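Keeping the supplied structure of chain W fixed, place chains X and B upon it in accordance with the hints.
As a plain string of letters, each chain reads:
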Amino acid sequence: MKELTCIVCPVGCHLKVDDQLSVSGNKCSRGKVYAIAEMTAPKRMLTTTVKTSFPDIPRLSVKTKDPIPKELIFKIMEELDNVIVTNSVKIGDIIVQNILETHVDVVATKAI
Amino acid sequence: MIKTDLVIIGGGAAGLSAALAASDANLNILIIERELILGGILNQCIHNGFGLHMFKEELTGPEYAMRYIDELQHKNIEVLLGTTVIDITKPDDFMLTVTSEKDGYQHITSRSVIIASGCYERTRGAIQIPGERPKGIMPAGSAQRYLNMDGYLVGKNIFILGSGDIGLIMARRMTLEGAKVLGVAEIMPYSNGLTRNIVQCLDDFDIPLFLSHTITDIKGKDVLEKITIQKVNERFEPIEGTEREFEVDTLLLSIGLIPDVTLFDSLKMEKSDITKSAIVNQHLMSSVDGLFICGNALHVHDLVDWVSEEGEKAGKYAKAYILSDEKQSREHLKVNPGAKIRYVVPQLIDYSHLNEPVTLSFRTTEKMIAGTFKVYQNNQVIMTKKAKYIAPAEMENIILQPDDFISFDPITVILEEAL
Amino acid sequence: MYDYVIIGSGIIGSLIARELSKYEVSVLILDKENDIASHQTTANSAIIHSGHDPKENTLKARLCVAGNRLYDELEKELNIPLLRTGAFVVAHDEEEEKALEELYKRAVNNGVQSIHFISQKEILEAEPLLSSSITKALSLPSTKVTYPWEVAISAVSNAIKNGAEFKRNSHVVSIDKINGTYRIYLENGEPINTRNIINASGVSSDHIASMIEDDFPLKITPRRGEYFVLDRKAKDLFKHVIYPIPSKAGKGVLIVPQVHGNVLLGPTSENIDEKDEASTTLIGMKKIRHDLLSLSNQIPYHMIIRTFAGIRASSTYDDFYIQESKINKGFYHVAGIDSPGLTAAPAIAKYLIEDIIRINAPLKKNFDPMREKPIVFHKLSDDMKIKLIQEKPKYGNLVCKCEKITEQEIIDAIHGPVGNDTVKGIKKRARAGSGLCQGGYCEGQVIKIIARETNQPLSHINYYQKDTPILIKETKIHDKN
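So the sequence lines, in the order shown, correspond to chains W, X and B.
Residues 1 to 112 in our numbering are what the first sequence lists, from first letter to last.
Residues 1001 to 1419 in our numbering are what the second sequence lists, from first letter to last.
Residues 2001 to 2481 in our numbering are what the third sequence lists, from first letter to last.
Quick caveat, the hints were computed from the structure, so don't treat them as lab data.
Straight-line Cα separation of at most 25 angstroms, DSS-like style, residue types lysine-lysine; simulated pairs:
#: 1; chain 1: W; residue 1: 75; chain 2: X; residue 2: 1180
#: 2; chain 1: X; residue 1: 1180; chain 2: W; residue 2: 43
#: 3; chain 1: X; residue 1: 1316; chain 2: X; residue 2: 1075
Label pairs and their calculated CB-CB ranges:
#: 4; chain 1: X; residue 1: 1203; chain 2: W; residue 2: 103; range: 25 to 31 angstroms
#: 5; chain 1: X; residue 1: 1097; chain 2: W; residue 2: 57; range: 28 to 34 angstroms
#: 6; chain 1: X; residue 1: 1265; chain 2: B; residue 2: 2273; range: 40 to 46 angstroms
Coverage of chain W stretches by chain X, computed from C-beta distances (three or more under 8 angstroms per stretch; other residues unrestricted):
#: 7; segment: 47-59
#: 8; segment: 63-77
#: 9; segment: 102-111
What you are looking at is a predicted structure, and each value in this text was computed from that prediction instead of being measured.
Note that beta-carbon positions come from the ideal geometry of N, C-alpha and C, so glycine has one too.
For reference, chain W alone in the conformation it holds in the complex (with noise of 0.2 angstroms):
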C-alpha cells in the first residue's frame, strides 16, 4: 500500500494506492489518474534553462511542452546542457524537437 499526496490541484488529497492499483481517498477523478500514472509511469513537467550565445542575456528560459517521464528528468537535463540558441527566439519556438524520443518538445519561454 503506498500513500502519496496528490499534485493535481491545490486541495491535496492524501491517497492511498495499493499492489492492484486500486485508489481511495481521492474526492475527484484526477486524483484516481494521477495516482495510477504516479505508480505506474509518473510524469513531470520541466522547466529550465539553456545557453545561449547572447553575452547580455547569458541563458534563456525553457520548458517541456507536456510531462515527461519522471525517470529521465536528469538524463534530459544533460542533453539540454549541449543546446547552445544563437539566433532570437519567440515564446513557444521549439528549442529541441521529441526530447530523448519523448514526443515532447522543450520550448522557450522567454524572447531574445
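The following block gives chains X and B in isolation, referenced to the frame of chain W:
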C-alpha cells in the same frame, strides 16, 4: 523636468497591470523600472504555476510577464528602464528624483504615483542567526537569479532554511543543475509552501524536510563548512540535545519577504506594523492623497494572479483620482483583523465613495481543514464564506457589496473552525 | 633590503606606516589577508574614547588621551569621518554614583578635559529614549566615533603616496636573523629582507614574536565581543555614546551611534580559546538585550540588520606592550593592543617611532599628509551631482539602493593603490551592501562590475579572502574535472 500624470514605480507584475488598467488617451503614464528589462521578479521565476486564474493556463514566470509586456506595446505608456527613484516628496504634486546612467539625474512631477516596488528578502541579520560569517550564506532569491539569469551555481552542497515556496523551488532547481541539497529546515510545525511543491521539489528528490527546526550555528572561517540545526519547542526555543550537523558550502535563506517601501518614509504615509507597508483604503490609496500602492509592495502575495488583480485596481483608481476634478473628501471606517486573522487589506474603507464591491484580502494565523470566515459589523454578521484547506500561506478574500454594510462603523473579519 | 617591515595592516600597523613614511626610510606593510585591516579593526565599537576608563599612569591612559586629540588632525589631513557625539557614563543608584565619582577622578588624572556630571533631567532631555531609572551621568564631551577601516585604508593610502609599499596575501611563516638584519619568509616562500620589523599583528602578535624569540613576555588571551547593528534609519534615536558603569569584564554593553547613521549595540566580553572564533552566539546575543535593559527599554531591535563578533587582542600583560625586543635589536613589538587601541592608534604610532625606536632618519621634505576627500555621491548637492554625472555617467547608475551608492563609486573603490577586488572589500570602501537588504539586491551587480573592471571571469570574483568565489560554477559548461 518631466511632467506627467501618473508615475508607476516598478515594472513587474503589479506595475504592468496597473499601467494597463490606467491607460487612457488623455493621460501621460510613465513606468520607472530599475532593471534594464520589464518583468520584475517574474524574469527569474522560470518555473510553472503562474496564470491559472488570470489566463486559465499554467505559465512560467517569463511567459506570464510577456502577456502584459506585449499588451503594453499597444498603449501610449512611457517606460524608463535602468532608472531608479532615489527620492520622492509632495510639495504640491509629487516630485520624484530619478537617476540612470543614460539620462543622468532628473526630476519628474506627477499628479499621482503608484508604488509597485515589490519586496526584498529577509536577511540573516534580521533574525540574528548565530555563528561565524563565512561566504556562502545568501537569500534564496539571489541564488535563483544567479542560476537562472547568469547561469551560475553558488554552491555544491546546499542547505535551505525556510520551507516557503521560494525555498522549495530552489531545492529542486539546484538539484536539477547538479548541486546536492541536504535538507530544508522550517521553524513552524508545518510547511509554508504548497503541498504540490513539497512533492515535486522535496519528495521527488528525497530531500528531507525538518519541521520545527531552525539553524543554531554556522561554522566556517572564510567559506561555509558546516551548519547545525536544532528542534524547537512551542515557544520556538531550541531544544538541547537535538543538534544535527550538515557539511555544506551554501546556506540559502527563504525566511520571508518584506515590502520594499523605505523610500517612501519621507512622504510619511501611515504604515501597518503587521504588513510593514502602507495602510490603504479599498481604492488602494494610502494616507497620502494620490499615492496608491499595490502588489508585494503593499503585502506579500503567494499568487501572481492576485498581484495583477490588485495592480489593475490601483491603476483604475489612480486614473479616477487624476480625472476627477473635485478635491475628494474621504470618510473611513476601519477594517479590523479578528480571531485567527493576521491582517486584512484594505485596512480602511472609504464609505463616502462606496459604490462598488470591496474585496478584502487577508491571511489567517493558523492552518485548518475547514472553516468559515465571518465579517461582523455592529455585532452582526454581514457576510460569511466557507473555505477548506485554510493556511497562513494562502491568501484568502471576501467580497462585500455596498449594501452588505449596515452602518459606517468598523468591521471585523474572523475565522471560525468548522467542527 | 627594507628599513622597516610592518607585519599587520590593521589600524595600528597602518598608522605606524603613515608615521614612518614621514621619514627618509623604506617601508613595507604586510598583511596575511586579501585586504587591508581584515580583523579587529573591522569588528569594534568605532569609539574614540575620552580616556576616562584606563587605569592611571598606564600607556593605555596616556596614549588614549593623546590619540583622541590626534584624531582631529587626522580628520583634516586624511578626510576621515568623525562624529562628535560625546558620551554619557550612566549610574542608577548610590553605589553606581560612587563609581561615577571614581571615574571622574580617574578621568581628571588622565588629563581628560571638560568632563562634568549631569542630572537625570538633563540626561533624559538629551536622550529621551534612555531609562528613567538612570539617576546621574558623567558627560565626556571629547568622545567621538569614526569609521575604523576607512581610517586604516586612508592611512595606508597616504603612506603609499609618500613612498611606502603594501602587500596583501603575505602570510609570514618564519623569520630568520642574518647578520643583524632580518629575513622574513612568506607562505609562498618569498623572502623579504629588512633591517627592522614592527610586529603589529593583533591576535597573532605572540605567534609572530615566537618566530624569533622564546619567552615573549606576554600571551594573547583572545576576548570576543558580539554586536548588533541597527539600520541607519535608527539615526538620531540616540545622539551620544552611552556607557554603563564599567566592570572587570570591561566597559560593558554600550549604545553607539555610528558615522553613517547606524547604531551599534554591544559588545559582550568573553574569553575564548580560538583566536579566530569570531562567532556570534545565542547566549551572547541574549546578554546584549539583557544588559541594555538598564540603559533603555525602547531599543528598536526590529531594526537589526546584522550581527557580528570581534576578537580583542587582550593579553596577560596589564597594559599596551610597545617595546623593542629584549633579545633582538630592531624587532619592535606593538602587542596586547585591545581597548582603547583604536583611540590610541595615532599616538601609539608616534610613541613607537619617537620614544621607542627613536628614529634618527631625517624627515622627508616633500611629505604630503593630505588625502583627498572621497566622493560620497548621495551627500552632494544637486548641482554637483549633475556636473559629476556629465563627466562620468556611471555616477548616474544607482547600484546599492539601500545606501544610495553609484556605479562610479564602486569603480573608484576597485582601482588605485588601496583598491580591492572583492565584494567585501568594496563594501568596506564604497559601502555597497551595508544597508537594509545586506547586498541582496546589489551583490550581483558588484560582482559584474568588479569582473569587468579587473578583466576577470565572474567565477573568479571573491567574497573576501582568496578562493572565496561567490559564483562557483558556471552551469552547462563541461570541464575536465
